[in-house]
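Q: Protein chains in written order, with numbering that gives the first Met the number 0: chain W, 0 to 161; chain V, 0 to 140.
If you are wondering where the hints come from, they were derived from the structure by calculation, not from laboratory data.
Virtual Cβ for every residue (Gly too), placed ideally from N, Cα, C.
A portion of the hints provided could be inaccurate.
Here are the simulated SDA-like pairs of lysine to any residue, each with C-alpha atoms no more than 25 angstroms apart in a straight line [claimed, not checked]:
1) K59(W) / I71(W)
2) K1(V) / A62(W)
3) K110(V) / L8(W)
4) K26(W) / K139(V)
5) K110(V) / G88(W)
6) K59(W) / A43(W)
7) K117(V) / Q57(V)
8) K59(W) / A48(W)
9) K118(V) / L137(W)
10) K59(W) / K1(V)
11) K59(W) / A78(W)
12) K25(W) / K139(V)
13) K117(V) / V102(V)
14) K25(W) / Q57(V)
15) K117(V) / G141(W)
16) K25(W) / G52(V)
17) K26(W) / I129(V)
18) K110(V) / I129(V)
19) K139(V) / V118(W)
20) K25(W) / I129(V)
Coverage of chain W stretches by chain V, computed from C-beta distances (three or more under 8 angstroms per stretch; other residues unrestricted) [unchecked claim]:
21) 59-73
22) 105-114
23) 121-130
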Amino acid sequence: MAMGIFLALIGGAFVCVQNTFNANVKKRISVWSTTALVLLLGFAASFSAGLAFEGTGLFKFQAEPWFWFSGILGVGVVACVTQGVQILGPSRAISLVMVSQIFFGLMWDTLGWFGLEQVPFTWQSLLGVLLISGGVLLFQLGPKLKQKQTLNVNSGSIEAND
Amino acid sequence: MKGILFALAGGFFLTYQSVANATISSQIGTWQAAAMTQLTGFLLAVLIVVVVGDRSYQQLNQVSPLYASGGLLAAIVLFNNMTAVHQMGVTLTIGVFLVAQLVMAIAIDSKGWFSMSKKRIGRTQIAGVILMVAGIIVLKW
């Protein structure tokens, strides 16, 4: 548990750093070219790490057919978030994305789909999710919205690979 | 309305991605799962670049190599995400990820790191993060 929280804290911090880097790339390059670059490097890094830790064992696996289509999800993220940001503006779009993320998480834990371990629904966990959502909305939509435009872009988890 | 649906769908895809990655990794291994989803995503993104006739990648040489290499961080992000989902479920993992993201955003913006314009962070942002941490505690109590 403590290890999980530690890993998630590091992971989340890196998501933000990566989004900031990507925002700088997008100043010159389109969203889709940036996405392709980011995913290519993500593949290279994961592949190298796999080789380093597991050697040729990396290639010994039996994938179900749908595994190969999982990359579509990342592309779905970029497509939807980009559209949302264009229509609603970054702060409103990203806050909605985050709230949606955590509510779907609660739904998924409760239903235990896709072989995920089921976590029974409790009113307490709903309260926790509501508090987190409230915090996100306060952060993104609170006063001084105007000056915070770039902040909102940075803080969004708008990448295909987090 | 359409924008709201897109944003909600974006969140759905992000969560679905975490779940799918965690499921795949428990069957074939974490690095295999990370490499596979990134590779297939890359191929699809390239297809889109080709179909829409996007040539902006030719300006890649004008981008600082540091920023252009941001994608490498995905290996750490994915490994941590999958391991955390296995250990404590999706909701808590996403909650902690979001807190860390916003705290890091505060750090980057208040210091003006990575070519971001320096900004003063309001009390609302701090209060938002505190509320989120309270939510995490309630979630796990």
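Q: Each hint: holds or not?
A: Evaluation of the provided hints:
1. For a cut-off of 25 angstroms, the pair hint linking K59(W) to I71(W) stands: about 23 angstroms separates their Cα positions.
2. For the given pair, K1(V) sits about 36 angstroms from A62(W) by alpha-carbon distance, which is inconsistent with the 25 angstroms threshold.
3. Taking the CA atoms of K110(V) and L8(W), the gap is near 20 angstroms; set against the 25 angstroms cutoff, the hint holds.
4. At most 25 angstroms may separate the alpha-carbon atoms for a hinted pair to count; K26(W) and K139(V) exceed this at roughly 40 angstroms.
5. A threshold of 25 angstroms between alpha carbons decides the hint, and for K110(V) with G88(W) the separation of about 24 angstroms falls inside it, so the pair holds.
6. Distance hint between K59(W) and A43(W) is fulfilled; the C-alpha atoms sit about 18 angstroms from each other, no more than 25 angstroms.
7. Only pairs whose Cα atoms come within 25 angstroms are accepted, and K117(V) paired with Q57(V) is rejected, the gap being roughly 30 angstroms.
8. Taking the CA atoms of K59(W) and A48(W), the gap is near 15 angstroms; set against the 25 angstroms cutoff, the hint holds.
9. Between the alpha carbons of K118(V) and L137(W) the distance comes to roughly 17 angstroms, so the proposed pair stays at or under 25 angstroms and holds.
10. For the hint linking K59(W) to K1(V), the alpha-carbon distance of about 44 angstroms lies beyond 25 angstroms, and the restraint is violated.
11. The straight-line distance between the Cα atoms of K59(W) and A78(W) is roughly 33 angstroms, outside the 25 angstroms bound, and the hint therefore fails.
12. Proposed proximity of K25(W) and K139(V) is contradicted: the alpha carbons are some 38 angstroms apart, above 25 angstroms.
13. A hinted pair counts as satisfied when its Cα atoms are at most 25 angstroms apart, and K117(V) with V102(V) qualifies at roughly 15 angstroms.
14. Using a Cα cut-off of 25 angstroms, the hinted pair K25(W) and Q57(V) holds, with the two alpha carbons roughly 13 angstroms apart.
15. Only pairs whose Cα atoms come within 25 angstroms are accepted, and K117(V) paired with G141(W) is accepted, the gap being roughly 18 angstroms.
16. The suggested pairing of K25(W) with G52(V) holds, with an alpha-carbon distance near 17 angstroms, which does not exceed 25 angstroms.
17. A hinted pair counts as satisfied when its Cα atoms are at most 25 angstroms apart, and K26(W) with I129(V) does not qualify at roughly 32 angstroms.
18. Proximity of K110(V) to I129(V) is assessed by CA-CA distance (about 20 angstroms); at most 25 angstroms being required, the pair is judged to hold.
19. Between K139(V) and V118(W) the CA atoms are separated by roughly 12 angstroms; this keeps the pair inside 25 angstroms, and the hint holds.
20. For the hint pairing K25(W) with I129(V), the CA-to-CA distance comes to about 31 angstroms; that exceeds 25 angstroms, so the pair is violated.
21. Taking a C-beta to C-beta cut-off of 8 angstroms, the stretch 59-73 of chain W contributes 12 residues in contact with chain V, enough for the three needed, and the coverage statement holds.
22. Coverage of the stretch 105-114 of chain W by chain V holds [criterion: at least 3 residues with CB-CB distance below 8 angstroms; count 6].
23. Only residues whose C-beta sits within less than 8 angstroms of a C-beta in chain V count toward coverage, and the stretch 121-130 of chain W has 7 of them, enough to reach three; the restraint holds.
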